[in-house]
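K.L.:
Starting from the structure of chain A, add chain B where the hints point.
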Amino acid sequence: MAEIVFDRVVKTYAGGVTAVSDLSLTVAEGEFMVLVGPSGCGKTTALRMVAGLEEITDGTVAIGGTVVNNVLPKDRDIAMVFQNYALYPQMTVGQNMGFALKVRNVPKAEIDRRVREAAQILRLTEYLDRRPKALSGGQRQRVAMGRAIVREPRAFLMDEPLSNLDAQLRVEMRTEITRIQRMLGVATIYVTHDQTEAMTMGDRVAVMRNGVLHQVAAPQDLYDHPVNEFVAGFIGSPPMNLIVAGLAEEAGEWVVRIGDQSFVLPRSYRASHRLAPFVGGRVVFGIRPEDLSLATGEEGVRLAAVVELREALGSEKLAYLSFGADEGIVESETPTDDGAPLRRRSRVVARLGARADVAEGQHVTMSLNDAHFHFFDPDTGDTLRHAAP
Amino acid sequence: MTVMAVVMLYPFAVMIVTSFKSQAQYFAGSGTSTQSWRQLASTMPIYQQLLNSTIVCSASIALILVVGVMAGFAFAKLQYRFANLIFLGIVSAMMVPLQSIIMPEFVNVARFGLTSSYLGAVLVYAALGTPFSIFLFTTYFRRVPDELVEAGICDGLGYWGVLWRLALPMALPAIATVTVLQFIQIWDDLLVGLLFLQNPAERPITVGLAALAAGRTTSIPLLMAGSLVSALPAMLVYLGFQRFLVRGLTLGIDR
Chain A
4 MAEIVFDRVV
14 KTYAGGVTAV
24 SDLSLTVAEG
34 EFMVLVGPSG
44 CGKTTALRMV
54 AGLEEITDGT
64 VAIGGTVVNN
74 VLPKDRDIAM
84 VFQNYALYPQ
94 MTVGQNMGFA
104 LKVRNVPKAE
114 IDRRVREAAQ
124 ILRLTEYLDR
134 RPKALSGGQR
144 QRVAMGRAIV
154 REPRAFLMDE
164 PLSNLDAQLR
174 VEMRTEITRI
184 QRMLGVATIY
194 VTHDQTEAMT
204 MGDRVAVMRN
214 GVLHQVAAPQ
224 DLYDHPVNEF
234 VAGFIGSPPM
244 NLIVAGLAEE
254 AGEWVVRIGD
264 QSFVLPRSYR
274 ASHRLAPFVG
284 GRVVFGIRPE
294 DLSLATGEEG
304 VRLAAVVELR
314 EALGSEKLAY
324 LSFGADEGIV
334 ESETPTDDGA
344 PLRRRSRVVA
354 RLGARADVAE
364 GQHVTMSLND
374 AHFHFFDPDT
384 GDTLRHAAP
Chain B
145 MTVMAVVMLY
155 PFAVMIVTSF
165 KSQAQYFAGS
175 GTSTQSWRQL
185 ASTMPIYQQL
195 LNSTIVCSAS
205 IALILVVGVM
215 AGFAFAKLQY
225 RFANLIFLGI
235 VSAMMVPLQS
245 IIMPEFVNVA
255 RFGLTSSYLG
265 AVLVYAALGT
275 PFSIFLFTTY
285 FRRVPDELVE
295 AGICDGLGYW
305 GVLWRLALPM
315 ALPAIATVTV
325 LQFIQIWDDL
335 LVGLLFLQNP
345 AERPITVGLA
355 ALAAGRTTSI
365 PLLMAGSLVS
375 ALPAMLVYLG
385 FQRFLVRGLT
395 LGIDR
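Taken in sequence, the protein lines are chains A and B. Sequential numbering of the first sequence, starting at 4, is according to the numbering used here. Sequential numbering of the second sequence, starting at 145, is according to the numbering used here.
This is chain A alone, in the form it adopts within the complex:
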C-alpha cells in the first residue's frame, strides 16, 4: 500500500495540446479517489501517467514516496483495470488472473492460491477454466478486477471500468468494487465521467475540466459547497440551477432580483459570502433542484413560476419552471481560466415528490430553501462563499 502524489504535473502532447495542466493531488494510503469530469478533461491522461503509459511533460508523480517519472510501468507495482477489460482472449479466466504473477516468476502453488482467493472474493470460482469470450460483461469485468487483486499491488488504477455495462449491472458492480476496495484498503484512483459513480464510490472526488483540477473534496462537501459554477453544474443530476440575478440594497436589506421578482436575502449570507462588492450589480444565484418545493404557506422565500415541462420519474417529479427571467442560455462576458465561457440556462428545474400535483402550463408558487443558496461571481464563475476556516 502506498500514497500517490501528483506534484504540479503537466502533460503536453506533440502539437502543443495540453491534456493536464499543473495537477497537484494526493491520494492517501487506502483512499478511494475518483477523478471525474467531461470527455477530454484529462482524467484518463492523469491516470495513465501514474501507470507509466504516458510520459510526464513536467512535474512529478510519486508512489509510496518514490518519484516514478522514469520508472518502467512493470516496476511501479500498480494494477490497472481498463474500460474494455483487456482480458487476454487466448487464456482462461484463471490464467488471465495469474498472468502477472507468472511473469514475475511467482511459484505456481502461490499463483493458484492467490487466484482461488481472488476468485472466491469475486464469485468467479466456477468460471476459472472458461475463456473470456464465454463470459458475460459483468463476469469479464470481475475477471479484470481479479487480475488486479491477485497482484496485491500498491495501487489500483481504474479507467471507467463500468462504462460498458448495462445500467442495472453497473449499479451492482459499483457496490462490488467499493466493497472490494474497502476490504483490501489499497489506494485507488478511479476515473469516470459518471458523477453518480463519483458520488457513490469515492472517499474523495476530484473534478477536472480541460486539464485543470477544479475541486477535490468528499462527495457531500463537493455537492454542498462547489467552488465554482462548473462543479456546481457538473455534480448533481439534474444539476444545480444557475440564474443570473440582480443584487440590490433596499431599506438596509439585501434583495435578490430574478426577472421582475425579488426576495430578501437572509442576513447570514452577508457573513458567509463575499457579496458586498456585488451589491448594486449582478451575481449568479444557484439553487439545487431539491431545494425548490411547492409553497404551502406564506412563510419563507417564495417565487411565482410557470411549469413549462413536467417529467414523472416514478419516485419523483421534475418540474421545469420559468421565473420570468430572460429565456435561453446566458454566457458570461469573460472566459474562465481554462478558456471556456460560462453558460447558464435560465430555465430552472425543481425536484418534487412523486405525488406533487403539477401540470404543464400551471402557475405555481415555489418555496426556496434559504439555508442552501449558492452565489457565484458572474465573471469568473468562482463561488462567493468564504472558505471554511
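Do not rely on the hints blindly, as some may be mistaken.
[Stated by the list, open to error] Selected chain A positions facing chain B (Cβ under 10 Å, derived; list incomplete):
| no. | residue |
| --- | --- |
| 1 | 78 |
| 2 | 85 |
| 3 | 151 |
[As the list claims (entries may be wrong)] Have a look at the derived ranges for each label pair, beta carbon to beta carbon:
| no. | chain 1 | residue 1 | chain 2 | residue 2 | range |
| --- | --- | --- | --- | --- | --- |
| 4 | B | 335 | A | 43 | 54 to 62 Å |
| 5 | B | 289 | A | 63 | 26 to 34 Å |
| 6 | A | 137 | B | 289 | 12 to 20 Å |
[Claimed, not checked] With a straight-line Cα cutoff of 25 Å, these simulated DMTMM-like cross-link-like pairs (lysine to aspartate or glutamate) come out:
| no. | chain 1 | residue 1 | chain 2 | residue 2 |
| --- | --- | --- | --- | --- |
| 7 | A | 320 | A | 301 |
| 8 | A | 105 | B | 290 |
| 9 | B | 221 | A | 163 |
| 10 | A | 320 | A | 302 |
| 11 | B | 221 | B | 291 |
| 12 | A | 136 | B | 291 |
| 13 | B | 221 | A | 58 |
| 14 | A | 111 | A | 78 |
| 15 | A | 77 | B | 290 |
| 16 | A | 136 | B | 290 |
| 17 | B | 221 | A | 78 |
| 18 | A | 77 | A | 113 |
| 19 | B | 221 | A | 57 |
| 20 | A | 105 | B | 291 |
It is worth saying that the hints were derived from the structure and are not from the lab. For glycine and all other residues, C-beta sits at the position ideal for the given N, C-alpha and C.
P.N.:
Positioned in the frame of chain A, the structure of chain B alone reads:
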C-alpha cells in the same frame, strides 16, 4: 458451382489419368500402367528435389514470418517518426513484379557468391514475400486493442514480452495465412529456383520438372506423374490451412 468445380478439377483428372499410362498407351488413348511412376525416381532425383524445395520453402517462410511479425507489431503498436511513410514504402514493394527486378537481384546475389547455395534463393524469396507479410501482420496487430498491450505492460511485460507472449498467440490465423500463401508461391516458383539455385544437387522440384519437360523426347505420362508429386504438398498445405486462410485474408475487410 458445378461448372466451376468441373473447370477447376478437370486438369487434375487429366493429370492423374495420364500419369497412369505408358508413353505408348498415352498415344493409343487406352490402357493403364504404373510404368511412369516407377520411372520417375530413376529419371530424376525427385526425393532430393522434394527435400530441396522443402528446405528452401521452410527457411524462406521462417524468415518471412519472423520479419513480418516483428515489423507488423512495430508498425501497429509502436510510435516512431516516419512510421507511416516507411510502411507505405514497404507495402508499395508488393506491387513490384519479380521479373522486373530479377536481373539486378541476380547480379547482387551472384556478387556475394550465393547462387550455388540455398541461402541466395532463400534471401530472394524472403525479400519478395516480406512486404505482404508485414502488411498482413500490421493489419492484424492493428486490430488488437491497445489496452491489451498496455495490460501486458502493466502486468510486467516489455514490448518483446507483449509480442511473443500475448500478441503472437493471437496472430495464429495471420501466421497460417502467410505460411500457406508463401508456401504455394515459393513451392510452385520456377524462375528464382532456376536462376539462384545453380548447383544441380540443390535444385527444387519445379526446376527438376522443367528439365524433364525440356528433354529431346518428353514423356507426357512421366511429366504428369512428376507434376502430381510436385503439386501435392501445396494442395495439402492449402487444404489443411484453408479455414485460417479465409479468416486471415478477410482481416482488413471486416471489423
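K.L.:
Could you check the structure against the hints above and give me the numbers of any it violates, in ascending order?
P.N.:
none
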